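Visitor: Chain residues, written in single-letter form:
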Amino acid sequence: MNYIAILLTYIFINNFILVKFLGLCPFIGVSKNSESAIGMGLAVTFVTGVASVVCWCVYYGLLLPLGLEYLKTISFILVIAALVQLVEMVLKKMSPALYKALGIYLPLITTNCAVLGIAIINVDKSYNLMESFTAGVAAGLGFTLAIILMSNIRESMELKPARKAFRGVPIAFISAGLMALSFMAFDNSLLTNLHLA
Amino acid sequence: MNTKELTKGIFKENPTFVIMLGMCPTLAVTTQVINAVSMGAGVLFVLLFSNIFISLLKNYIPGSVRIPCYVVVIASFVTIVEMVFHAYVPAVYNALGVYLPLIVVNCIILGRAEAFASKNGVLDSAFDAIGMGIGFTLALTFIALIREVLGSGTITLMPIGSWDGVVTIPLLNKWPVRVMTLASGALLLMGYLKAFFNWKTMRSEKKRKSALKEGAAA
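If you're matching them up, the sequences are chains H and F in order.
Quick note: the first sequence uses the numbering used here, first residue 1, plus one each step.
Quick note: the second sequence uses the numbering used here, first residue 1, plus one each step.
Next comes chain H alone, as it looks inside the complex:
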């Protein structure tokens, strides 16, 4: 599978939020304004990209040779937790500006389903290292796209509030549902038509 196909698959066809429901909590929680949505999106993209590579190395370098595949879940979540902590410390030291922008979102990412999800999907689909990295970045970009669109919808919704019972979370879910409906236009025929499948 070539890299453009992987990118298209995880950004549009299998969008992590709108099709696979991975990372729904931050999607609903942090999408109230577009600035924090962009911050969260970039932080997730960064972590999914790095975590894909690290988890791939842990699985094929350590677990598979030792016959410990069943420890995949437990080792991936620990690797991700440690990684997020490390990224936070490195960013704080090396780039205070970036840390300021992404810092508050990083602790939330450990329990973001999207990160563990992509690490497990990479192994399930037996991607190689480069493909895993591409899939990780693409999954993050798909998340970013969805959360930015959502924050724009919610910002403009503040001007025309819904009925009282629908305000807040319910209308957010319904908007996400309508967005998911439009994302259904992207399916595997996209790849066939572009001669990528």
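Treat the hints as calculated values from the structure; they're not laboratory data.
Note that the structure is a prediction, hence the values are computed from the model and not measured.
Wrong hints could be hidden among the right ones.
Claimed, not checked - Incomplete in silico selection of chain H near chain F, CB under 10 Å:
1) Val-19
2) Lys-20
3) Leu-24
4) Tyr-70
5) Leu-71
6) Ala-82
7) Leu-86
8) Asn-112
9) Cys-113
10) Lys-160
11) Ala-162
12) Ala-165
13) Phe-173
14) Ala-180
Heads up, the beta-carbon is just placed ideally off N, CA and C, and yes, glycines get one too.
Put chain F on the given structure of chain H with help from the hints.
Guide: Relative to chain H, chain F alone:
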């Protein structure tokens, strides 16, 4: 006391409809009733044992590294669930796919560990876990029932003996509302259900207030 810990998770603090935790599996696996029930059973098992263990270990876990410790405990039980499902119900294992290992990051479990089991005794924690687990399972089953009945006109249960475990609903089976089984249907349904529960709470509060007013006037 204990019965209160047990029942609060089912209605008053229902993890899905009231606290809105653990949304990813809620929406992803509710296309068939059997998947929802299995997911609920898996979560109930992990929640029960992680709550018991964390409650037992609460005096030995240092505060600063408690979250990683909780995650290790939870991940161990998730691995057990994964292996059991893989061995005994391979069809369900395949249907749940990536969402089964993702029980690790289900906010309900870590949330209960942090908010309840790390502060309370073993028995109360176990009751809390059972209540929350049942509340989660009921919510999932409820959503799955709506989605499957409307979306494909069937109710898929466990196959027993010669019966394949599928109940077919006459008219809906022929003309199903396909969107309900799709991703967008799940999000739309969740939005409407949440709005419905909001409306119920608002109405009962209004009633209570007017009752209070009447009482004061009388």
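Visitor: Hint by hint, say whether it matches the structure.
Guide: Hint check:
At a threshold of 10 Å, the smallest CB-CB gap from Val-19/H to chain F is about 5 Å, leaving the interface hint in force. With a cut of 10 Å, the hint placing Lys-20/H at the interface with chain F holds, because the nearest CB-to-CB distance is about 7 Å. Restraint check, Leu-24/H versus chain F: the minimum CB separation of about 4 Å is within 10 Å; hint holds. The closest approach between the C-beta of Tyr-70/H and any C-beta of chain F is roughly 6 Å, which is under the 10 Å cut-off, so the hint is satisfied.
Hint on Leu-71/H holds. Least Cβ distance to chain F is approximately 7 Å, under the 10 Å limit. Here the hint on Ala-82/H is kept, as its CB sits about 8 Å from the closest CB of chain F, short of 10 Å. Hint on Leu-86/H is violated. Least Cβ distance to chain F is approximately 13 Å, over the 10 Å limit. Because the smallest distance between the Cβ of Asn-112/H and any Cβ of chain F comes to about 7 Å, under 10 Å, the interface hint for this residue holds.
Interface restraint check: Cys-113/H against chain F, minimum CB-CB distance 5 Å, threshold 10 Å, status holds. Hint on Lys-160/H is violated. Least Cβ distance to chain F is approximately 17 Å, over the 10 Å limit. With a cut of 10 Å, the hint placing Ala-162/H at the interface with chain F holds, because the nearest CB-to-CB distance is about 9 Å. Satisfaction of the interface hint for Ala-165/H is found here, the shortest Cβ-Cβ separation to chain F being roughly 4 Å, below the 10 Å cut-off.
Given the 10 Å rule on beta carbons, the hint for Phe-173/H holds: about 3 Å separates it from the nearest Cβ of chain F. Nearest Cβ of chain F to the Cβ of Ala-180/H: about 4 Å, under the 10 Å cut. The hint holds.
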